[in-house]
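A.B. asks: For this one, chain A is given, so just place chains B, C and D on it according to the hints.
Chains as they are written, first to last, in the numbering used here: chain A, 1 to 354; chain B, 1 to 354; chain C, 1 to 354; chain D, 1 to 354.
These aren't lab readings, by the way, just hints derived from the structure by calculation.
Hints are not guaranteed to be accurate.
Given that identical chains are not distinguished, each listed pair holds provided it fits within a single copy or across any two copies.
List time: in silico EDC-like cross-link candidates among lysine to aspartate or glutamate, alpha-carbon distance up to 16 Å [stated by the list, open to error]: (1) Lys39 with Glu136; (2) Lys105 with Glu307; (3) Lys268 with Asp117; (4) Lys105 with Asp117; (5) Lys103 with Glu307; (6) Lys105 with Asp244; (7) Lys19 with Asp339; (8) Lys39 with Glu351; (9) Lys8 with Glu136; (10) Lys19 with Glu335.
Listed below, chain by chain, are the residues.
There are 4 protein chains.
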Amino acid sequence: MTAISDTKTMQAYVLHGAKDIRLEQAPLPVLSPDEVLVKVRAAGICGSDLHYYAHGKCGNFIPTEPFILGHEFAGEIVAAGDEKNASLVGTRVAVDPSRPCGKCKLCRQGRYNLCPDMVYFGSASVVPPSAGCFAEYVAAPARNCAPLPDDFEYAWGALLEPLSVAAHAVQRSGGVSGKSVLITGGGTIGQMIQLVATAFGATKVVVSDVKSFAREFAIKQGATATLDPTSPDCAAQAAEIAPDGFEVVFEAAGVGAALNQAFALCAKGATLVQVGTLPDGTEIPANALLTRELQYIGSWRFANVFERVIELVVSGRIDVRPLITRRYPFEQFQEAIVDATGADVIKVQIENVS
Amino acid sequence: MTAISDTKTMQAYVLHGAKDIRLEQAPLPVLSPDEVLVKVRAAGICGSDLHYYAHGKCGNFIPTEPFILGHEFAGEIVAAGDEKNASLVGTRVAVDPSRPCGKCKLCRQGRYNLCPDMVYFGSASVVPPSAGCFAEYVAAPARNCAPLPDDFEYAWGALLEPLSVAAHAVQRSGGVSGKSVLITGGGTIGQMIQLVATAFGATKVVVSDVKSFAREFAIKQGATATLDPTSPDCAAQAAEIAPDGFEVVFEAAGVGAALNQAFALCAKGATLVQVGTLPDGTEIPANALLTRELQYIGSWRFANVFERVIELVVSGRIDVRPLITRRYPFEQFQEAIVDATGADVIKVQIENVS
Amino acid sequence: MTAISDTKTMQAYVLHGAKDIRLEQAPLPVLSPDEVLVKVRAAGICGSDLHYYAHGKCGNFIPTEPFILGHEFAGEIVAAGDEKNASLVGTRVAVDPSRPCGKCKLCRQGRYNLCPDMVYFGSASVVPPSAGCFAEYVAAPARNCAPLPDDFEYAWGALLEPLSVAAHAVQRSGGVSGKSVLITGGGTIGQMIQLVATAFGATKVVVSDVKSFAREFAIKQGATATLDPTSPDCAAQAAEIAPDGFEVVFEAAGVGAALNQAFALCAKGATLVQVGTLPDGTEIPANALLTRELQYIGSWRFANVFERVIELVVSGRIDVRPLITRRYPFEQFQEAIVDATGADVIKVQIENVS
Amino acid sequence: MTAISDTKTMQAYVLHGAKDIRLEQAPLPVLSPDEVLVKVRAAGICGSDLHYYAHGKCGNFIPTEPFILGHEFAGEIVAAGDEKNASLVGTRVAVDPSRPCGKCKLCRQGRYNLCPDMVYFGSASVVPPSAGCFAEYVAAPARNCAPLPDDFEYAWGALLEPLSVAAHAVQRSGGVSGKSVLITGGGTIGQMIQLVATAFGATKVVVSDVKSFAREFAIKQGATATLDPTSPDCAAQAAEIAPDGFEVVFEAAGVGAALNQAFALCAKGATLVQVGTLPDGTEIPANALLTRELQYIGSWRFANVFERVIELVVSGRIDVRPLITRRYPFEQFQEAIVDATGADVIKVQIENVS
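One chain only, chain A, in its complex shape (with noise of 0.2 Å):
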């Protein structure tokens, strides 16, 4: 390692069980030749990262021992492990955090975020889990790391994992350009969805939320309408805006009911894809999948789209600012991630500026 070499500890909120993270001092990571060290500047709260606070798990990742959470991040490479990567010291960087093998079938396929052996950063998926963001270092590989220009904040580069889980989404659909495009769920995911498919030039973008929050925010992004789907004029709303059913809906509310308004409000033909977490027996229209021949399709993570997406915010595609509801100094993110949890969120984000 080529710098910070006196330092051996870092600060950094280790998850311990249910509403319990604490702040501790953990080693700094030790870096494997192909790694540099990030110095986290900005790091988002996800929806996982809820669910690991909330339930001390997420869905079925059981941690087997305390881990740092976080996985959507940006910094300052600060020390590399090789020689050949020393010149990255400096480089402002948002950070992918996907580590596939490399080298199973669905790798050498392109997908791979299916890799069976895909370490994600702050995860339970692997035993032990993995070290996330949520610390002022990360050990990170060089090639996961994509410079970010001057201008482009920390911030920015913080959210692009979950834009790049929107634009993968969209990808995922075979495309959205000159569509009619339903997204059923205005969480942060969903409104991302938004902006994607817009910047890609939907022709008509709905955003169906219970939330009149996640409506108005569509709308002030740009959306063409929005829905309330407990509303009895919601089925007449959609028609009017889509007489003959939208050809791409997104599902990111993971809800049934959603789901349902989903499958009712697409046209013939149409492609619905699955981005929101719905258990295992959740009941759908099948006959309608058959009869009206749709393609219904689930997007997990993402593959090849991180470099695309920050070319989306620099080409100014994509306006990200609005999306980030507030920001925490990292001494403050007990407070920060109470407040993520809360109702009118989109993205609630730690930074650390010292």
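C.D. replies: What follows is chains B, C and D alone, placed relative to chain A:
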């Protein structure tokens, strides 16, 4: 019309209600300029015909008046509605039963099987119901009549419609060449998908069915292996054949349990095609769809494959002969339809050799 | 017909040969039942019109008799061929000039732009040539007439045909969202592809043209950058913008040198779309196509995009107004067509406000 | 290494220049941890080997020092570079010669055949040239070694690389199932494409070649028909087989005249795949590409098909045995390579049974 001007009526089997099909004298069809009159020489009994026969209706399709059933047929052109088609008289043909409008958005996009104004033969999907082929004669658009080579039997021609359904399902999957394939449900369509998938170079084609007749038939027709979904060894056997799961799965049973088996046995990133009719409200493992990034796709009737299917039979890629379980003369239609409802049947056909 | 029954003739510009277009009294079109009569209010002059004007023919299309040119137009429906369309009278419409047969194999596959029996407006591709829109009235199938919103100007409607050509080319590319795009040739279609590619979220859209007018126009319309192919710095500038090469390239110049530039500047695995007309015998870097595994794709007219393009303009994704260089009254057609042949022109239109 | 530690050298055929291949004692390869040592049991001579032999180089690939040729091979694993692979010793394997970096953008997208850092076996595309398989032993990554079933001969294993090239070309075409196919050029790859296209259910597979040996071989292997491009009846014969033209064409001759034949005989909307090597500057009918809306696609080496090809042979979909024209013992390599340059040869192989 250029011939048989002296006959004004024909014999036809008319559906009047559940279990009530009557042999009647029906008026000979009047031809429009683009149509020809086809003397039916072979006609297959489809599962949907059996639904009409058993219940007097088929799903949401409820006849508003008595009509002639049947949509799988081949025969001889005996008259033309216009002089320009007069030269077709005498031609042996199979008839594509698809009569879409040709003008709507879906037709223009090449997905004419979804045309809202589709008039299929022998169907109560339109009002009044359209006449079918369980009769001496049928009026069909000249362009729907595909000429048959001399040594191509009428009986094979009457198999082209269900074979097209199977081929369309394979096409909807994105292709099976070089892939591992599972088919849940070894009924007529499932067996035909097996033939098509094998002809298209799937390297493993496995049929799953609770009936030993279906499994044995599949093996005789060249399936790589079969599975009994009720066997406790089923999952282990599947894993031995396709350790990473099947890359393409066709659900042709129309049973929720089979669909869930399909999801359980498919590979990450796999495509599942729904071919059998499932009720709305069917439960699916939605979390698997998401995290394994599956494509679950409906396949409805067919488009753009009828002529291709003829070529598959002509070129010897598919041998259709074993699919015909039994043939009955036109006069024994009542016996035939009862036989077709029995177990251990692939396809029952009506012949009219007079 | 339901109106203007007292007028039997109309004014029209008829092509008699090279440089010989005459204003004549022509018979008012007779409507078939599916057609409506459109009073032309705005009509654009296309490059193919200029070819007919300059040479009396267009490539292989040689008129067998005098005919009315023009295929880019919008207007008002003033009569209907059948009572069922009578309610359309008074509607402001843009007209899709595609009249394919709707029945052949290519039409059924959704590639109706390749229909061998296509009858385009104002074209000598059929015998006798089909009448075009440089006239007071045009007969058009009702289903080809797309209603325009109240604040959608006729002049914009007359741009939908070339915009559809551009949108089709983008569609043929497999999509440009999030990708880097190069367009060789900044004529009318090249500039329109730039607008569509930007609207569809391409992150870099570069236009290459020898004419400074074209480069400046592209920059004003939002292109990321431009290239002068005659500049010695061209390749270096391209490499700075797209270090790995452009992922999608549109060859809209119809010049062999531009095509070779397109090959030289594209990325490994890139897609090149041919939009401009090149002669047979054009030389290509075939070894690059092979070893860089490119896709080189023709794009001809358009299919299934006309309504989408209206939505792109209505939704504000594309601002078509700057594309109209100058408008001439119907009476000044001769001045207009001379102007259109000049340099520094994007689109010249004819207006008929009387 | 876990075995044969007493042998330090091996016999190998080393290319020193044009017509100058010498049998030498070469050092036994040193294994990295991920590699195994494969004792070569069968090796095929490729057209590129013949280019190196004839000219001392292959196109742009000019060796910077002597090296061992050959990249089509199968053999037995006799040692492992790491204990975790020790259990592989004794396994009969075919070796995928693709060693891409696994990390670059193209690798991540699944197009690793385009990886700029690809190290292929026996190639001067890298500096220094990489060692090939015309030797007693080869070091190969363990994951590149595909186990062969017991009754799968080594000689067949040595055919998997060119078969993969053929299968990749078919994959690049978008699929041939149910379609009409033309192959221009009946050399080794052309004949293999014929086998793959037939196995994948193309309904018409026609091979065009000036050599009667190639045409006769194609018919024996199941081609529907053949064409002699020098015959005045060629176009008429083609039109009889495929009246609308061929839907998919593979140009495997690497001759400009064959490419122009390919364009002339293809259908509207067809896909042409370039497989043979053509010089830059080749003339194409660019106007046909445009107005017939063709896709002209390069196919380079292969990706993601090696294991699929094994399954095609194991499942009996492809019979590779007739492809092997002659086999020579390792000691007679010089005779073998001369034989391989002759006419009337599909594939010449080297055996090492000692």
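A.B. asks: With identical chains treated as interchangeable, where does the CA-CA distance between lysine 103 and glutamate 307 reach 16 Å or less: within a copy, between copies, both, or neither?
C.D. replies: between (21 Å within a copy, 14 Å between copies)
A.B. asks: 16 Å Cα cut-off: does lysine 8 pair with glutamate 136 within a copy, between copies, both or neither?
C.D. replies: within (12 Å within a copy, 51 Å between copies)
A.B. asks: Which holds for lysine 39 with glutamate 136 at a C-alpha limit of 16 Å: within a copy, between copies, both or neither?
C.D. replies: Within one copy only: 6 Å inside a chain, 51 Å across chains, cut-off 16 Å.
A.B. asks: Have a look at lysine 105 and aspartate 117 and pick one of within, between, both or neither, based on CA distance no larger than 16 Å.
C.D. replies: within (11 Å within a copy, 19 Å between copies)
A.B. asks: For lysine 105 vs aspartate 244, is the C-alpha pair at or below 16 Å within one copy, between two copies, both, or neither?
C.D. replies: between (40 Å within a copy, 10 Å between copies)
A.B. asks: Given identical chains, is lysine 105 near glutamate 307, meaning Cα to Cα at most 16 Å, within a copy, between copies, both, or neither?
C.D. replies: Answer is between: at 10 Å across copies they meet the 16 Å cutoff, but 23 Å inside does not.
A.B. asks: If the cut is 16 Å between Cα atoms, do lysine 19 and aspartate 339 qualify within a copy, between copies, both or neither?
C.D. replies: So lysine 19 and aspartate 339 pass the 16 Å test inside one copy only (14 Å; across, 66 Å).
A.B. asks: Quick one: lysine 268 to aspartate 117, C-alpha cut-off 16 Å, is that within a copy, between copies, both, or neither?
C.D. replies: between (38 Å within a copy, 13 Å between copies)
A.B. asks: At most 16 Å between CA atoms: does that hold for lysine 39 and glutamate 351 within a copy, between copies, both, or neither?
C.D. replies: Within one copy only: 11 Å inside a chain, 58 Å across chains, cut-off 16 Å.
A.B. asks: Regarding lysine 19 and glutamate 335, is the shortest C-alpha distance of 16 Å or less found within a copy, between copies, in both, or in neither?
C.D. replies: within (12 Å within a copy, 71 Å between copies)
The structure agrees with every numbered hint stated previously.
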